Amino acid sequence: MRRSRFPLIVCILGMLFFYLPILVLIVNSFNASRFSTVWGGFSLKWYALLFQQDDVWHALRNTMLIAVSATTVSMVLGTLAAFALHRFHSRLQDAHYTLVYTPLVMPDILMGIGLLLFFAALRIPLGLGTIFIAHVTFCVSYVAMVVLARLQDFDFSIVEAAQDLGAGPWTILWRILLPLLAPGILAGGLLAFSLSVDDFVITFFVSGPGSTTLPIKIYSMIKYGKPPLINALSTLILCVTFLLIWVSQRLREKRA
Amino acid sequence: MAAFLELRGVTKKFGDFTALNDVSLEIRRGEIFSLLGPSGCGKTTLLRVCAGFEQPDAGRVILDGHDITDLPPNRRRLNTIFQSYALFPHLTVRENIAFGLRVARRPAAEIKREVGQTLALMQLEEHADKRPALLSGGQKQRVAVARALINKPEILLLDEPLAALDLKLRQRMLVELDNIHDEVGITFIFVTHDQGEAMSISDRIAVMHEGRVEQIGTAAEIYEAPRTSFVAAFIGDTNFFDGQVLGPDTNPDYCQLAIEGFTDIISFNDKRLPTGQLAHLSIRPEKFRISRNPPPPDPFLNRISGTVEEIIYQGTHTNFWVRAGEYRVAVRQPHSRFKLDQEIITWKDAVWLSWHADDGCMLEQYRADDESLLSLPDPDDAHPAPGGTTGTTPPAASGRQRGIAT
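Those sequence lines, one after another, are chains S and E.
End of the first sequence sits at 1192 in the working numbering; the numbers just go up one at a time, nothing left out.
End of the second sequence sits at 411 in the working numbering; the numbers just go up one at a time, nothing left out.
Read the hints as simulated data drawn from the structure, not as lab findings.
Computed from a predicted structure; not experimentally measured.
Where hints are given, some of them may not hold.
Where chain S lies over chain E, by a calculated footprint (3+ residues, C-beta under 8 angstroms) [said to hold, decoys possible]: (1) 72–82; (2) 251–261.
A few chain S positions that, by computed beta-carbon distances, are all more than 12 angstroms from chain E [as the list claims (entries may be wrong)]: (3) Ser969; (4) Arg970; (5) Thr1008; (6) Tyr1155.
For every residue, glycine included, the Cβ atom is placed at its ideal position computed from N, Cα and C.
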């Protein structure tokens, strides 16, 4: 029987649709010409120039600082929230659930305006601190939802078994709950991390002078006409991302 | 013998649902005590109260003279085998078994020795470094038993430990559990809904129903002398007859019983029911003898006549349904050479049913609902009575079917 070529064609078209833009971006980062429509020969000059842009590295540093700290804090808070939501059922918990769930569905622009008004009302100067707070508010929700999903599949009779075998609350936490929930907490943390690195809209509202993050920096670079630099920067980010994915897959293979 | 574990008036409610209703019982040191009942009867809740996972709303739990009602589970010297085994999935078999000793901060050398011994005892050595996910059901169960026993608990609580296993394995594990019990000699409390399991392993059984203990006794006691219609119907099969005590027999242990449609019924009256008292008689199907010829006269032999309505051949025995007056009586006869030599009983035959006065049991408490528990097939399912409630006949019914003309 002859197999239809149709699925293959659809697959190739789909891949092209997703990856052609990225490919163009990578190729252009090595383009000596200023304009993406003209091939001016292979060159690494944009990379060289990029490494001289102190403000880019400053923005990257800010982004990482905020992503790491917001992720860490929201992993703790989100896990605690998930436990409370799973364990207790009351009207207060229903309200709590709505509160945790809302940032997932609320448009970023509302979050941004809301937070800006809030900080302004309290006369909190905008800066890294306000970005950190803003990122924690939505990262907590993602961590809580991921951990809550894990908890719903969690067999709590093993907690009872541990208790039955003489374990107190701390032993149960360290020996049973954390090791078993670590994948869920980490998955939530990774999601929060990538959202935090990525966030533009909310950050745009609550950032102040000197607290520019990478997405905002990139945006302003487009606006003030340095597209080739962005190509180089994006290619580097892409490489780092692939490296991270490769490492995490290797780690997973080792564990299995 | 004094009680080792004692429950005094334990009541536990979940919202409006009363899981345990004023339960009191005493468990002796070293015995295998079963809690037997249908799902929802409160047996698991009772076990969880013993283990400390549930706080009773009222009542006390006393272990070896000490009130442990308010102790958390981790401070009770009881260990539980969970229905799902609840092995720690992230730990190896060895680490699972060592968990209790580690938590108790026993020296490493001692833990190593004890775990080694337990692995050997439970024949788990070759699986010691596997994760639970790689084990079979029987192996998981052995790990669960090993993990509990290594702590040398005062009592081992087993919550339907065999429910997750297939039939063959279940029987083997039952024998294995019994052997372990003989070896370690600690008290077992065994929760099950399977009467066969309970009867084969237990020293004593508490039959539970709707949050209450209906009867406590050995397997033979609850089978041969059920106190309530629930126990009679839940454990094995039976026939219920409504009667009234006519008066004591010449022997005071026996009484004459009036049952509509039958004459000269005599029954063992260990409960000394007084004359005039309404009584319900339970007679198990295998206690009857079925014959075409009238049985020889005997003062202790009751006899009634009837017609065979249904015959179900079952290999080891045959089930007959015999219409006798207003009752449809379930009769179970084993096969033997002696019977085969006789002319075989067939449909519509007029037969005699006879039973010894000792084989009927007068119940202290009777509830009509309990008749729905009987599992003998009801011929009415196949041949609905005309004008009757066709199709809605309960799937199981007793020997008595009122209101159906013969």
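For each hint, the structure was consulted:
{"no.": "1", "hint": "72–82", "in the structure": "holds (count 4)"}
{"no.": "2", "hint": "251–261", "in the structure": "violated (count 0)"}
{"no.": "3", "hint": "Ser969", "in the structure": "holds (56 angstroms)"}
{"no.": "4", "hint": "Arg970", "in the structure": "holds (56 angstroms)"}
{"no.": "5", "hint": "Thr1008", "in the structure": "holds (23 angstroms)"}
{"no.": "6", "hint": "Tyr1155", "in the structure": "holds (44 angstroms)"}
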